[in-house]
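Engineer: The primary structure of each chain is shown beneath.
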Amino acid sequence: MTQLALVIDLNVCVGCQACVTSCKEWNTSGEAGPMGDQNPYGADPTGTFFNRVQTFEVGEFPNTETVHFPKSCLHCEDPPCVPVCPTGASYKRKEDGIVLVDYDKCIGCKYCSWACPYGARELDEQQQVMKKCTLCVDRIYDMTMAEADRKPSCVKACPTSARLFGDVHDPESAVSIAIRESGGYALMPEWGTHPANHYLPRRKTRIKIHEDELERADNPLKVDRQLPKPAMSEPTLDDVTTW
Amino acid sequence: MQALTGMFARQFGTPNYAAHGGFCSVNMAAGMIYTIGGSFWEFGGPDLDRAKLFVMIGTAEDHHSNPLKIALSKFKRDGGRFISINPVRTGYSAIADEWVPIRPGTDGALLLAIIHEIIATGLYDREFLVQYSNAGQLINVDEANDEFGFFVRTEVPTEEACYEPQDKLWWDRSTDRAVVTHSPGADPFLLGEFKLPDGTPVKPAFQLLQERVKEYTPEWAAQITGIPAETIRRVAHEMGVTARDQKIELPIAWTDSWGREHDTVTGNPVAFHAMRGLAAHSNGFQTIRAMSILMSLLGTIDRPGGFRHKAPFPRPIPPCARTPNDPRAVQPNRPLDGMALGWPSDPDDLFVNDDGSPVRIDKAFSWEYPLSVHGLMHNAITNAWRGDPYRIDTLLIFMANMAWNSTMNAVEVRKMLNDKAEDGEYKIPFLVVCDAFHSEMTAFADLILPDTTYLERHDVMSMLDRPISEFDGPVDSVRVPVVPVSGDCKPFQEVLIELGTRLKLPAFVTKEGERKFRDYPDFVVNWESEPGSGIGFLAGWRGKGGEKSLRGEPNPNQWEMYKKNNCVFHYELPKSYQYMRNWNKGYLEWSQRNRITRYAEPILIHIYSEVLQRFRAAAQGKGFSRRPPEALKKRVETYFDPLPFYYDPLEAQVTDKHQYPLAAVTQRPMAMYHSWDSQNAWLRQIHTHNYLYVNAQTAQRQGIDDGDWIWVESQWGKVKCMARHSEAVEPGTVWTWNAIGKAAGAWNLTPDANESQKGFLLNHLISEELPSGAARISNSDPITGQAAWYDVRVKIYKVGAGETAITSPQFETMKPYPGMKARSSILAYLGIKAK
Amino acid sequence: MHPAFSVIFLTTLIGAAQGLFLALFTAQSYAAFKLLPQPDAHAFYGQGSLLALVLLVAGLAASFFHLGHPERAWRAAAKWRTSWLSREVIVLPAFMGVVFLYGLAHWLDWHPVLMTLPGGLPVDPSAILGVAGTVLAFALFVCTAMIYACLKFLAEWHSPLTVINYILLGGASGFTLAAAFAAATAPELVGFLAGWAAIITLLGLLSRGASLIRNARLKPKSTLQTAIGIKHPKIVQKTQGFMGGSFNTREFFHGRPVAVLRGVKWFFILGVFLVPLPLLLAGMQGGVALLAGAFAMQYLGLLAERWYFFAQANHPQNLYYQSIA
Ligand SMILES: Nc1nc2c(c(=O)[nH]1)N[C@H]1C(S)=C(S)[C@@H](COP(=O)(O)OP(=O)(O)OC[C@H]3O[C@@H](n4cnc5c(=O)[nH]c(N)nc54)[C@H](O)[C@@H]3O)O[C@H]1N2
Ligand SMILES: Nc1nc2c(c(=O)[nH]1)N[C@H]1C(S)=C(S)[C@@H](COP(=O)(O)OP(=O)(O)OC[C@H]3O[C@@H](n4cnc5c(=O)[nH]c(N)nc54)[C@H](O)[C@@H]3O)O[C@H]1N2
Ligand code: SF4
Ligand code: SF4
Ligand code: SF4
Ligand code: SF4
Ligand code: SF4
Ligand SMILES: [Mo]
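Chains as they are written, first to last, in my numbering: chain A, 1 to 243; chain B, 1 to 835; chain C, 1 to 325.
Don't read these hints as lab results, they were simulated from the structure. Just so you know, nobody snuck in bad clues.
Capping the alpha-carbon separation at 27 Å, the derived lysine-lysine pairs in DSS-like fashion look like this:
id : chain 1 : residue 1 : chain 2 : residue 2
1  : A       : Lys222    : B       : Lys214
2  : B       : Lys415    : B       : Lys427
3  : B       : Lys815    : B       : Lys720
4  : C       : Lys231    : A       : Lys204
5  : B       : Lys504    : B       : Lys490
6  : C       : Lys152    : A       : Lys94
Below, a sample of chain A positions facing chain B; criterion: calculated Cβ distance under 7 Å:
id : residue
7  : Val12
8  : Pro34
9  : Tyr41
10 : Gly42
11 : Ala43
12 : Gln126
13 : Thr160
14 : Ile209
15 : Asp224
Where a beta carbon is used, it is the ideal one built from N, C-alpha and C, also for glycine.
Make the full structure from the sequences, and use the hints.
Structural biologist: Below you can see the structure in the form of structure tokens.
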């Protein structure tokens, strides 16, 4: 069974928000209708987005890590948002594990959003239906697109390629390998939702310099007579003893 | 655009033309180009493909931001080590393996201490310095001598068209005497003191550098920068050991300028990148010189894994273009006799009157800022308003929001734009603004020229402009309109061509005074730098049938050919021309043949800058005919030090640091482009207003809670804004996002939009001038005139009880223009995806 | 959570209606066993059912305000296998139908004996409808409560106490209403109804008090550490990624200062329990005003209680929406 998902590499995400806007650009211009904005040019503008990039500070100065943290629907393998939906508008696809909302069935009761611990769903104020990341289901299977384009919009836009896309059930997929080898983890494991999306942690590269590596035999200072030889006339053992 | 606007100004005959580089990052350009013949910015960059250690200094976003992000993540994935030196940890710095928080304006101290440590431990690339820099060249150190501080020279046969003859000396180790540099078999001492046969005491430049940095110990720098000495030492060792022990050797044969053949290209994989965090300080030029020298000590110039040039760089030091040096170059109804901007190499290149006073309104290329190679736009309005050095009639501003975010002291400058003289005439009588949007600037215009956006017009990214080249060769590109022109606007390019034609400026009309170019696309194709030169705005598909590159006759189908090729022309150099280009015979001759450069001599790195020494000598009353005016002598003598040194930024020198204990800086938010992205309904949801980020402990000491309204006050003004606690900022620094705050009503936002009610502009706290004795002088680097945005010092305190929760200062709400529609309160695109 | 008035009215109105119905049928059962005098069935059970129906319709109407697409509400019955909301959507109209028929049976004085229970107790349609209604009323309490109690992330709700509270508070308000109603239409039942109302209110106080105590002691299972998967004691959000608010900042926060929360809590403790109790006891002797006052107070208190029920629930998604910058 296939489970498509995003794997987000916090080790390289710089928080540029390109995924946020490209997601909205793709999804707002799709058949499913616009993702509305209220007060777009006035006070407190607000609108529907499927993907948000947040920033956290971890630790205290000077040992601070600034973490940019993109978050969209995690396409849980055990999605608590699905069974609670009274209409069946929220569903998880058997064939690829994508969790979707059928906007034509949704009554806008918001119950599914209460059942998502991740805050991944947003009710569209204009259309009054629940929305969330679709994993760009209308791109990834669109055979009229070149294969390289059959990826989620956010993945395509990410300049640091912090967003990987693939089948987390296929052990040989790039995403599975990344999860396995780079310590991929799921959010809020305590709820047993088994998010399909994973996050890769920060990883540090350090350099170890052994003390004896600092000065080498070919140190250029020697060439320039900077590690000086004592003058011939300076006293030596020869001056005080014989053997 | 700069190439076209500059050309128009020159044809018009004004000396008063400047581009945004002066308030942007000219310190970076000048500091590096005067040292290594190329620079970060569009002119070169770090080779992150091959680097093992990457040191990023004072960069939040930068000009080539997406390419940089791509390279950075690839670098990290390949296991490279990334160190970021920055008072703030955001964006790129967030993903650094190590964050080195530094006090703003003190990088010079850090870099000099690292140089100290590199030299003290012998971790420099001696071979590289000997062959490719002036480190081994002998300098006259006889203080009594007129030639003190200059390289000693000898007679050598010089070829024609020689820019910097190789007539300097080394002290050869094996023969223990002075020899002409690069003499076959010679190997110079880099350290020591010698006497020429005529008794002149001389020292190699490197010896002087070692002496210079002797006192600059890590312990000394720790006091200034706030970085522990052991960190400085460790970082220096990481740089030195990585450069030395992880050498890259590529099987690429090449020939150096002295005719020696090399089987391989080697590289020391330590790459640097720096931008405005270094540049936007008044000690930035010398700091950037120090960085360039550190990069050179590590042997990383135009080598794999280090710094790489982008065509048309490297260029001779300094590049050959000169401004006129005589006020008589400015004549009515005649083109300016020379380029409006250029690269002075000695005091005789300054554009000053006979009494040493500036010719230009912004005082660029004067003794105040001799190497102001990009001009000083940020002083044009204040100077014109004051009539110092003279009053002007017309100010034409294109694509710069100088009533807001690209001006210092915005409150006062806005008054100056409207101020009247006693005679009732406006001090700046006629203000023409070419803008594409409803910016704060347009509110002051007598005449607005509504421009198109880049989607509606032809554009060229030309080699004559900011190049967009890659490490492996020259690149240029074009834009073609993708949507029809909307509204009553006209591309500024067309406006300039039309103006030039109607004014009968020589470049735009035939000898008979007839129109030469139909429009801008026609101009781009057919204009040549001089008749038959084969050099035009675009380098690709030249020649009658598009068969030539770089040089060739105009090609009537050039636009078509660009379009067919994705609008980009990329000329890939042969591998053997891709590295070591300062001294790569093949490359230099290729570049000379293609008229990218006039001279093909090797471009030796200026560890010791004789150019600076020439100005210093003039200030000391030696050598050259031109001398600085009395009031500026000390200034020129101090700052034109031929070796890098550290000094407190000029503003700090005139500030009581106890009263204003904090440094205030800005950064680019990745999601916003300067002032104009607030028009974008999606982006403005991400940055609707800005906060002042304050280190949590610093804030708590002032009783300032997260989210509190505070006053931020400098010597020059104060703003009211909200504070945000942060652990990712050095305790002596406060910062905010650049240009998020807006004037009420601007950009067609509603007057109650958060941008103007809660957002604020730090520029209100920054002065465009500093007191200088009785006079005033630009708040800029004393060498280059770079605007010192990041020098301002502030104090912060909570607002008083009852003070309103709204930013201050506030300005009269900007009115919509006739025809501007009110914005809807709902935005929902009804696009249908093309199938 | 953001307390939505549609849901507050829905749950309190139908809760009172369910309680009222239960009170009516309890009285009828007691009367059948001759434990209580037989009231004027036509008026008391018939009009009482009408009153319950009115409350149910009002609650249902309120609930439509909660929907983005009320015209599609019928679709909500689809997923009864998995969704408590769907179940509620089925049970509520069923209950309304039974209440209607029950009332109708009494209103039309339609009491044919359908069968006789051992002991000679005659069973008429109203008795069968009454039993069915009772089952449905309890089912509806369970469905409504389980909508909240089944959400395991909302620890304040995820407890059997939620179901017990819905039953007891709905029951208390329904019995109080029944007592007040009886004071006007069937004075002989007042003592019985008011007595039970007082007992259920007291039980409600115990169970709601227990849930208050439980909730005050809850330790959130999710933390910023688990939310973003980073192990460090000090993590602070600097920006949630947008500044002007979104669905996630509006739906899951009450947006009121802590003091308001505390005020509402004490108001509902007084309003639902402490004030009605003496009124009910005093009203046992009859006294429409006292009992009507008790109901009015208790209902107002319940509005506050329900507001607090939502406001106090702390959704783990809020960990992601704490700061703008
Ligand atoms: N405090 C502080 N101030 C700073 C800086 C800082 O770091 N801190 N940075 C400085 C730097 S480096 C720079 S480069 C400046 C930038 O400052 P500006 O050059 O003023 O930059 P923008 O805000 O982009 O303004 C450009 C103007 O061009 C207009 N425009 C946009 N597109 C077009 C077009 O196609 N045609 C025309 N004609 N107009 C157009 C916009 O409407 C806007 O009015 O700010 C400087 N100011
Ligand atoms: N998204 C976006 N991209 C842009 C622009 C934009 O407006 N938006 N503008 C473009 C333009 S015109 C320019 S000039 C470039 C500028 O790009 P950058 O050069 O990256 O400039 P800033 O954003 O000003 O960031 C300067 C950095 O220097 C740090 N800094 C300040 N003082 C010091 C110091 O003394 N020492 C050190 N080590 N660091 C210091 C600040 O904390 C900040 O991180 O960006 C370009 N790219
Ligand atoms: S993240 Fe939330 S919305 Fe997405 S599948 Fe999981 S529970 Fe459902
Ligand atoms: S809001 Fe729509 S998708 Fe969510 S539970 Fe209700 S009907 Fe289902
Ligand atoms: S996968 Fe598609 S819908 Fe989901 S966040 Fe990315 S762009 Fe948005
Ligand atoms: S586009 Fe990539 S780097 Fe940028 S915020 Fe999104 S995930 Fe991070
Ligand atoms: S703003 Fe445009 S040109 Fe600049 S980095 Fe982003 S995509 Fe590239
Ligand atoms: Mo800039």
